[in-house]
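Peer 1: Listed below, chain by chain, are the residues.
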Amino acid sequence: MIGKNFVKIWLVFLGISTEIMMTVFIMLCALGISWLISGGWR
Amino acid sequence: MILRPQLQDIKIIGQYSGRVILGLGLLMLIPLLVAVCLGEHAAALDFVIAASFCLSAGYVLILICFTHKEPTWKHGMVIVSLSWLLAMFFGAVPLYLSRHWGGYLDACFDAMSGFATTGLTLVQDLDHLSFAHNMWRHLTMYIGGQGIMIVAITFLVRGAGSALPVYVGEARDEKVLPNVVQTARFIWLVSLVYLLVGTLALSVTAFSSGVPAVKSFFHGLWVAMAAWDTGGFAPQSQNILYYHNFTFELITISLMLLGSLNFRLHYALWAGKRKEIFRNIETVSFFISIMLLFGLTAFGLASAGSYPGVSSLFRKGFYQVISAHTGTGYMTIHPLQFVGEWRALSLMGVILCMAMGAGACSTAGGIKILRIGVIFRALLEDIKRTMLPRSAVVMDKIHHIKDIVLGEKLLRQVALITLAYIFLYLLGTLAGIALGYPLKLALFESVSAGANVGLSCGITRPSMPAALKITYIFQMWAGRLEFVSVFALLGTIIALVRGK
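Protein chains in written order, with the working numbering: chain A, 1195 to 1236; chain B, 140 to 639.
Calculated from the structure, these hints are not laboratory results.
Be careful, since some hints might not be right.
Distance windows between CB atoms, simulated [claimed, not checked]:
id, chain 1, residue 1, chain 2, residue 2, range
1, B, 524, A, 1199, 46 to 56 angstroms
2, A, 1234, B, 411, 37 to 47 angstroms
3, A, 1200, B, 601, 52 to 62 angstroms
4, A, 1230, B, 600, 35 to 45 angstroms
5, B, 206, A, 1200, 41 to 51 angstroms
6, A, 1205, B, 527, 40 to 50 angstroms
7, B, 639, A, 1199, 52 to 62 angstroms
8, A, 1230, B, 482, 15 to 25 angstroms
9, B, 630, A, 1234, 49 to 59 angstroms
Pulled from the structure, derived: some chain B residues nowhere near chain A, Cβ distances all over 12 angstroms [as the list claims (entries may be wrong)]:
id, residue
10, 142
11, 209
12, 224
13, 237
14, 238
15, 348
16, 542
17, 626
All figures in this text were calculated on a predicted structure; none of them were measured in a lab.
Glycine included, every Cβ here is placed at the ideal spot set by N, Cα and C.
Here chain A stands alone, though its shape is the one from the complex:
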């Protein structure tokens, strides 16, 4: 029972981490676009 609940909590933690990583990835991509468009590479 305890093991089953632990797996559930672990999966939820992994799910939340995946979601937060997705938002970080989107922000990094947007930063890249900002850098490209503002001419930061020149």
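Position chain B against the provided structure of chain A, taking the given hints into account.
Peer 2: For chain B alone, coordinates are given in the frame of chain A:
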């Protein structure tokens, strides 16, 4: 022949609407508690009056309309649209009593804006509004984002059978779990987890940047509530610009993005299906759309010389794009900067973001990115088909949690709702133009109201014409409920007048 609703039908609708009003009265006890704890006596009196009014009206309605019959689909639709209107009328009472709104219509505007998670506001002197009234504004947004009926299903509805019609009527045509009550509980679980995480992160950030402790906690809580529910009410008149804090902006961007995800996707990810994020048509379309529209907006801003650096382009351009695309309406610029600094191309980028919206079965408004993805996929498949031999049999499929065949029925539903949104946006634009506003600004504000976003270019203010306030209230209501239940209510009213 139109059939007039029977007394029994009216009783069922009345009883469930009464329960919603009763629930609203009970929720007013939370801001009342805040007022008592913080010594805001005038605000406490406002909530005592408003809660007594709601509790007695709700109780009387339940008594008058008492019946054991359960609602059918038709009743469910009418209950939802009527309950949202009643919630606006009753929810506006404490706002009106605070004297921070110009009149009852202005208070109704803000109540509907809150429940529909829009974020447009007509409040005056927001910076001196009591904590209790601010709590109520954000609570309306939180309840509205979850869905007024989700709250009712969780606490006030007897069984899953009677809950299904009202759940579907509230523009949530996707169930996360087979049982509606379990679905409602899961929606609460996800929302409360992120509310806790968001409040903690924002409060600490605000406190570390010099905001007093109590104010930090409440600001963190309210901003987390409104960001997660893609609402957009802020406790300060300068919106998120007030904090001048990059970390605060990053946290709100994350919360806005997380709040705009489909609850079914949250469930899949929380159940261990992490690959879903790469396969789901909704997340893929959302990512492509954000990047393309931010590229367009950023190009417009950079070519106009508005924000030349990487940092300003990200903090001003990307923030507004995410706020628009998720349907939140938080701003890191002043509304008049949209008129003065943003060129037509950038404004168009933001308008497109607002019009499209984010995840279906989420807290966001607008057409929804799933529908946009389906339309584009169907278009691509049609182009592919023209290149194949006539005898070729093609089975069009999309992946959204599971593989779904792209059939005629699905495409028809998607096209009809998309068309209805376009008409809704046009309605507000026409009203704006008719009342003397320029086309560009009228379109911006109308899409913001219809898609429940809340970004403003300055039209929404207490002095705007009453006709436009009513138009925007209608747009917020119809846009949030995705039309079907609104049509059901209008049909019932017609049947009451003309039916036999």
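Peer 1: Can we trust that residue 348/B is non-interface, i.e. its beta-carbon lies farther than 12 angstroms from all of chain A?
Peer 2: The assertion about residue 348/B holds, with a minimum of 20 angstroms to chain A.
Peer 1: Given the hint of 49 to 59 angstroms, check if residue 630/B and residue 1234/A actually sit that far apart at their C-beta atoms.
Peer 2: holds, 57 angstroms
Peer 1: The hint says 41 to 51 angstroms between residue 206/B and residue 1200/A; measuring C-beta to C-beta, is that right?
Peer 2: With Cβ atoms ~47 angstroms apart, the hint holds.
Peer 1: With d taken as the least Cβ-Cβ distance between residue 626/B and chain A, does d exceed 12 angstroms?
Peer 2: holds, 35 angstroms
Peer 1: Please test the hint of 15 to 25 angstroms on the beta carbon pair from residue 1230/A and residue 482/B.
Peer 2: Between residue 1230/A and residue 482/B, where Cβ atoms are some 19 angstroms apart, the hint holds.
Peer 1: Residue 142/B: least C-beta distance to chain A exceeds 12 angstroms?
Peer 2: holds, 48 angstroms
Peer 1: Given the hint of 52 to 62 angstroms, check if residue 1200/A and residue 601/B actually sit that far apart at their C-beta atoms.
Peer 2: holds, 55 angstroms
Peer 1: Taking the Cβ atom of residue 524/B and the Cβ atom of residue 1199/A, is their distance within the range 46 to 56 angstroms?
Peer 2: 50 angstroms Cβ-Cβ, so the 46 to 56 angstroms window holds.
Peer 1: So residue 209/B supposedly isn't at the interface. Is its beta-carbon more than 12 angstroms from every beta-carbon in chain A?
Peer 2: holds, 33 angstroms
Peer 1: Evaluate the given range 35 to 45 angstroms for the C-beta pair formed by residue 1230/A and residue 600/B.
Peer 2: Once the Cβ atoms are compared, 37 angstroms apart, the range 35 to 45 angstroms for residue 600/B and residue 1230/A holds.
Peer 1: Between residue 1234/A and residue 411/B, is the Cβ distance one that fits in 37 to 47 angstroms?
Peer 2: holds, 39 angstroms
Peer 1: Does residue 542/B really sit off the interface, with its C-beta more than 12 angstroms from all C-beta atoms of chain A?
Peer 2: holds, 21 angstroms
Figure legend: structure checked against the earlier numbered hints; every hint is met.
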